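*Asks:* Fit chains R and G to the known structure of chain E by using the hints.
The primary structure of each chain is shown beneath.
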Amino acid sequence: MASSSMRRYLLSRVAMTLPMLLILLTVVFLMLRVIPGDPIAATVGDRVSSEELENRREAAGLNDPLIVQYGRYLLGAVTGDFGNPVTDRRTTVQVIADTFPASFELVVVAMIVAVGFGVTIGAIAGRLRDTPFDVAGRLFGIVSYAAPVFWVALLGQLYLSVRLGWFPTGGRASGFDAPESITGFYVLDSLLTWDLSALGASLYHLILPGFTLGLVFGGIFLRFVRVNMLQTLRADYVEAAHARGVSERLVLFRHAFKNAMVPVVTITGLQFALLLGNSILTERVFSWPGLGNALLSFLGARDYVGVQGIITFYAVVVVVISLLIDVVNALIDPRIRH
Amino acid sequence: MSDPAAATTSSSSVDGGEPLLDVVDLHTHFPVRGGLLSRHKDVVRAVDGVTFDIQPGEVFGLVGESGSGKTTLGRTLLKLADPTSGSLIYQGRDIAGYDEKQMRPLRRELALVFQDPNASLNPAMTVAQGVGHPLLIHGLVDGRAQMRERVAAMLERVGLTPGERFLDIYPQDLSGGQKQRLVIARALITEPKFVVADEPVAALDMSVRARVLELMLELQRDLGLTYLFITHDLATARFLCDRIGILYLGNMVEWGDADSLFDDPQHPYTRSLLDAIPLPDPRRRDRDKNLPVGEMPDAQTPPKGCRFHPRCPVAFEPCGWEGADLLAFFERRWTVVDGDQVESELAATGSLQAADLRDDGVRFDAGNPVALSKLLEQLRTEQAHPLFDAVTGIERDGGGIAVTFGDGPEPDLQTIAGRQVACHLHGTVPRER
Amino acid sequence: MSARARLARTAAPFRAATRTAQVLIVIGVLMTLGFVFVATLGPTLAPYEPTQYQVDPEEPEAGQLPRLEEPSSDHLMGTNRDGFDVFARVIGGARVAMIVVLVSTLIALLVGVPLGLLAGYRGGRLDRILVTTMDAIYTFPSLLLAIVVAFLFGELFAPGVASAASAVGIVYIPQYFRVVRNHTLSVKQEPFVEGARSLGAKERTVITRYVFFNVVQSVPVIFTLNAADAVLTLASLGFLGYGVPPPAPEWGFDIQQATQDITSGVWWTTMWPGVAIILLVTGLTLVGEGLNDVINPLLRARGLSGTKLRGAPIGGSDADASLPRGRAKAADRDADDGADPPGATTSTSPNGPHRADGPDGPATADRDSLPPTAPVHSATAGVEPVLKVRDLRVGYRTPRGPLWAVDGVDLDLAPGEALGLVGESGCGKSSLSRALLNLMPPGGLVTGQITLAARGDGPGNEEIELVDASRRQLRSIRGDRASLVFQEPMTRLDPLMRVSSHFREAIKAHRPDLSNDRVRELTETALAKMGIPRTRVDNYPHEFSGGMRQRIMLALGIVLQPQLVIADEPTTSLDVIVEAQILDILAELRRDADVGLVMVTHNLGIVAETCDRVAVMYAGKIVEMGPVEQVFNAPAHPYTQGLMASTISLETTELHSIEGSPPDLIDPPDGCRFAARCPAVMDRCTEVIPRLTRPEDTAVDDHLAACILHPGADPADPLPDERS
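Protein chains in written order, with the numbering used here: chain E, 1 to 338; chain R, 339 to 771; chain G, 772 to 1495.
Excised from the complex, chain E in its bound form (with noise of 0.2 Å):
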């Protein structure tokens, strides 16, 4: 494998996605310089002595020129300091390291959820085109999709939790049944503590949550692979496989559908974002510690401070994640690498 032109490859990706992490660092910035006043003033403004509130815009450099609180902005985001909150004693850093492995379960749920049956159903259903199984499953995708999480997570907890009890309604295995806290990610935990009953315990609270969000989801990638595997199918190197003899079932799984899967491995990466914005939803249903519930938090308090520590830290996961992406492409695309 040719690994210099790689690494030149990846070099030249990294440097693509630098101004992308900037402008929305500085977008997420700016967006919360426009309330009037400042931060601090406006969230605990009214709590605080005036003279408090001064010590405090001193400690957090707030009286210093905008440009030098940009640049101090800028080089926490790449070093790990996104600010400490008004409303809370953890840095930000804390909060995300206490809130973010929760979440991240969550999204690798669903994930695993919604790719499994969206790219298995949307493949049978771009080979079958406008028979009943691709009208049926094509329909289940656009419905499925048009229920909103929130509401299916309602449902799925009324009828599933409190109407048949076969779930918890809501939370994550706490207490006794939690692993020993080593990463904060609980199913890695218990794995590596092999315990097994946490592991049952994390896996039984994560099932209601992960499922009804990867459902709403998978239909986009049903959509999504269908359609490209209705490309595929008609490219001229499938027929061409034909003429030569290769079994229906070799050219299926060999061309069509590894060549469809190309593009769907771009848009994985943006599904990983998605799922991150709309798990905010999952986690407030079913009381879920993570991120996002701490985001509504900040919010609800108006703490400027920590609303933008987390925003920040979303964007760099999603700019990292994106790179990731690049990588896994060029590494499955020849035509990429060379």
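Hints were generated in silico from the structure; no laboratory data involved.
Be a bit skeptical, because a hint or two may be false.
[What the hints assert, rightly or not] Under the rule of at most 30 Å between Cα atoms (straight-line distance), these lysine-lysine pairs were calculated in the DSBU-like manner:
#1 G/Lys1300 x R/Lys531
#2 G/Lys973 x R/Lys531
#3 R/Lys712 x G/Lys1300
[To be verified] Simulated DEER-style distance windows between Cβ atoms:
#4 R/Val652 x G/Ser1344: 54 to 64 Å
#5 G/Ser1035 x E/Arg72: 45 to 55 Å
#6 G/Thr1457 x R/Gln484: 55 to 65 Å
#7 R/Arg622 x E/Phe133: 58 to 68 Å
#8 G/Leu847 x E/Arg72: 34 to 44 Å
#9 E/Ser4 x R/Gly355: 50 to 60 Å
#10 E/Ile112 x G/Leu847: 47 to 57 Å
#11 G/Ser1344 x E/Ile112: 41 to 51 Å
#12 E/Ala59 x G/Leu804: 53 to 63 Å
#13 R/Asp506 x E/Val135: 53 to 63 Å
#14 E/Ser12 x R/Asp694: 21 to 31 Å
#15 R/Asp601 x E/Ser4: 30 to 40 Å
#16 G/Ser1344 x R/Gln638: 19 to 29 Å
Please read all numbers here as calculations on a predicted model, not as lab measurements.
Glycine residues also receive a C-beta, built at the ideal position from the N, C-alpha and C atoms.
*Replies:* Relative to the frame of chain E, chains R and G by itself:
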């Protein structure tokens, strides 16, 4: 020879008189975005120093294969692509540096006819709107009514009668031949002086081509047009053109009077093009065709010296041999010798991808230096290929073998048989760049 | 152009769409309109106000509405915990949703579309900056962005419809930008845009009339799909408390309020607003998806609309149209879309082609006078032909009716012989080449007989009838006993698979018994024969040029030593020198006594160089056939003569052409199909279909022409054997 009926116009072109268009050392290069981190900005040398002229009233044929730069050259002459350097003298004025504002009044005199009739007309405009648009742009009519009149008249001129019937329909409803007539109508409605026709009949069936070509010749006669006829089809070029220029990888390799060029081609590439044309005469089928090997390389990395040398059937020592040619030689050799020999020779050279190409030759790092040196000497002695004549050294270099080549300059245009030819066969005349 | 005509032209792609797409659009439109209707009429539909405390201020006894009452006849959807009628709130929510969606999509449109146009057209730095910015916003989780913006606008101004609509709108700007920019980029490359510049049009005119007017058609799809998304985003904002604030009846907000009711088992406060969201979003999405199916050329249905084909139409009545002569086999579902049906889009005059006579086939006036098959002589008499074709017909399903691209063809191919199939576009030669391997697209049909001779002894080598063959039989033939080499080599290899893997796959499909070493050996030998060095055998397709890819395709075609190689215009997309190289290879193939070659081309020179015999096709039929020298020296059919005369070669001194254009194959004319353009036409020509017959003055036995200028061609004449 061109159609006798049209001969009157062609001969009215004054040979040696003031050219309509004088092209002097024209270059059109495109930067290639190699990503933010590429060390050097790669450049596609689509047109790499072209000099010729076009006489008023003539049909000048620009012949080349795809990748030769003929399309880019045609566009550059109309300033639809910006020349990187050189002069473009149109009726005495150098328009190479003109900006769009300066060009606009001139555009009335310049026209372009494309190859693909399906994509040359705006699907969102009716025939009247599309064909009449140039009249509005250059203020040649007062109002819509007059425009429609002129369009209808032009449509009839190109053979779409009755003109009015076609005015309000969309181009998609017409056949290929009819669409091409529309394209011609639009191009000529402002009565231009110079028309660049880029493969105007390539997309049409044989039985339809003649009609469109006849139309073009007729219009040339009536309107006193000068054509640049861009094509890869030598047969059509022979029929239509007064003078011809053969383009290869951004360079003009031979140009001059059409008849003598076809009767007695001087450049090996011209000769190859002629030999390669499949003749609709079964009796001539097993004739000797000295075909070039390989395909045209891409314009980003042109071969050293004469650009045609890696493929030329009669290349010899000064043509510009370089390391890449030696690698290509091995590759080709390994398709004709038997498997065991391939194995042993491959063992001697090592993987060809690992070879280090340098300005003056190539260095083989992998493989077996002793065996390689022996092999190379053997090939050199048995005259396996003219490139070995240019080898100046086969030496040990560190852990490998370095093969160096002598100088091989790029040939400049010389006057041979009344034409301009760029080939060392007629005497080595290096080109200054 | 009349208004009706303009309407018909806009509706044309809709009519050509698949039934499914049409249904989807209609249902979606109905659903969406339903909501618009409900939203507009709103208050008059519900007996209560969404924020109604009292039924009627004049009658205070009515008092507050009961709280949390189950659905009943008074309250169709029940009441919520604040005592509002749920049905009224759902309807009110429709109104709110409509307004917000309209405003937000307008914002996104007005910003995104012009920016996309400018960025796509101008390129350069402006484009790069815009793309990076838009990409940044696009990749950021849209809901979070909407929340933060809504929050900020709420703080800065006031929470309300405006804030919510702006938040939703801003989030969708990148989508419009991307779609419009991409479309602009592709339209910009179209020759007509460059043509506009060459005319001297101002940039502003080029961007609007040339680029934008063509880009705008992609906007409705993204508009509807975005609107659907906007409804969901608004509801999510409402659920979290950052949407349109109470007491406005917003669906998301209502669902949030209903959260507390869940645990007590109250379902109607949650259910109905959710259902409303689902219905509206589904309706909008259906419209968007349907439009996409119709507009997107990559998804267009080919061969899936129009009447289905049922065997060859023989005789006058429709009832028996399903009984074909010869055996018919329905389209093989193996192959997916192949070549576009030729001739389907040719139009002969601005008046349009003549109308089809009926849904099941062309005019049948002279079908009774179809000539019996004239005996076709094989080149080497006495030798069993390797390919025997009798009464072959190839039809396609089109919206305007069945199109018979090949309409009754007989031919024989001797072993080792090279036959050229020559004709212009729409003559049926490409369809014929595909039909030989029964590689039909959906909606395609092959009838007649195609017999491939036995290839020695052993299983799998028997003589086989291809029209009737099972899928498995066909698969075993293709690539092994008969191969097809296509026209455009650039796209015929799987970009994700190495060249050696293509060979491995092809060889193993037919000879699974061979060892890997042997497979490798065969691969390298075949490629070497085509001039591809073994050091490149493991490269990927994109590492090869066009000419080399065609050599690879040829190598794939001969690696298993087939009896027959069919080459469909293999050099048309290649340059003349590369073409000559490939023709040399094919000429060598011709010299190989074992391989039969069918060479499909429009170039007479190629036929002369590579073929022993030639068959000239016109409008689906063979009009002349014979040894190459004979046909070229003394063409007997006026079309062949016209074709030869109009071919421009190095020796051409005069231009000739053939008047008119080929006929419409959906509704072909009566009699000889060339009659309308023939310089030697007689009255009789439009009355009968001539059959292939030996011209009197020809030197060889197997030179045939279908023209009544030659005795024996008129079906009324006695057959040649019967002549005294």
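*Asks:* Compare the structure with each hint and give your call.
*Replies:* We went through each hint and held it up to the structure:
1. In summary, the hint linking G/Lys1300 to R/Lys531 is not supported, as the alpha carbons are separated by about 52 Å, beyond the 30 Å threshold.
2. For a cut-off of 30 Å, the pair hint linking G/Lys973 to R/Lys531 stands: about 21 Å separates their Cα positions.
3. Only pairs whose Cα atoms come within 30 Å are accepted, and R/Lys712 paired with G/Lys1300 is accepted, the gap being roughly 28 Å.
4. For R/Val652 paired with G/Ser1344, a C-beta distance near 29 Å fails the hint of 54 to 64 Å.
5. Remark: the range hint 45 to 55 Å for G/Ser1035 to E/Arg72 is upheld by a beta-carbon distance near 51 Å.
6. G/Thr1457 and R/Gln484 have their C-beta atoms about 44 Å apart, which leaves the hinted 55 to 65 Å range violated.
7. Under the hint 58 to 68 Å, the C-beta atoms of R/Arg622 and E/Phe133, about 59 Å apart, fit the expected range.
8. With their beta carbons about 59 Å apart, G/Leu847 and E/Arg72 fall outside the hinted range of 34 to 44 Å.
9. Roughly 58 Å separates the CB atoms of E/Ser4 and R/Gly355, a value that falls within the hinted 50 to 60 Å.
10. Between E/Ile112 and G/Leu847 the Cβ separation comes to about 40 Å, which falls outside the hinted range of 47 to 57 Å.
11. At roughly 45 Å, the beta-carbon separation of G/Ser1344 and E/Ile112 lies within the given 41 to 51 Å, and the hint holds.
12. About 59 Å separates the C-beta atoms of E/Ala59 and G/Leu804, a value consistent with the hinted range of 53 to 63 Å.
13. Checked against the hint of 53 to 63 Å, the pair R/Asp506 and E/Val135 fails, with Cβ atoms roughly 41 Å apart.
14. At roughly 24 Å, the beta-carbon separation of E/Ser12 and R/Asp694 lies within the given 21 to 31 Å, and the hint holds.
15. Between R/Asp601 and E/Ser4 the C-beta distance comes to about 53 Å, which lies outside the given range of 30 to 40 Å.
16. For G/Ser1344 and R/Gln638, the hinted distance range of 19 to 29 Å is satisfied, since their beta carbons lie about 22 Å from each other.
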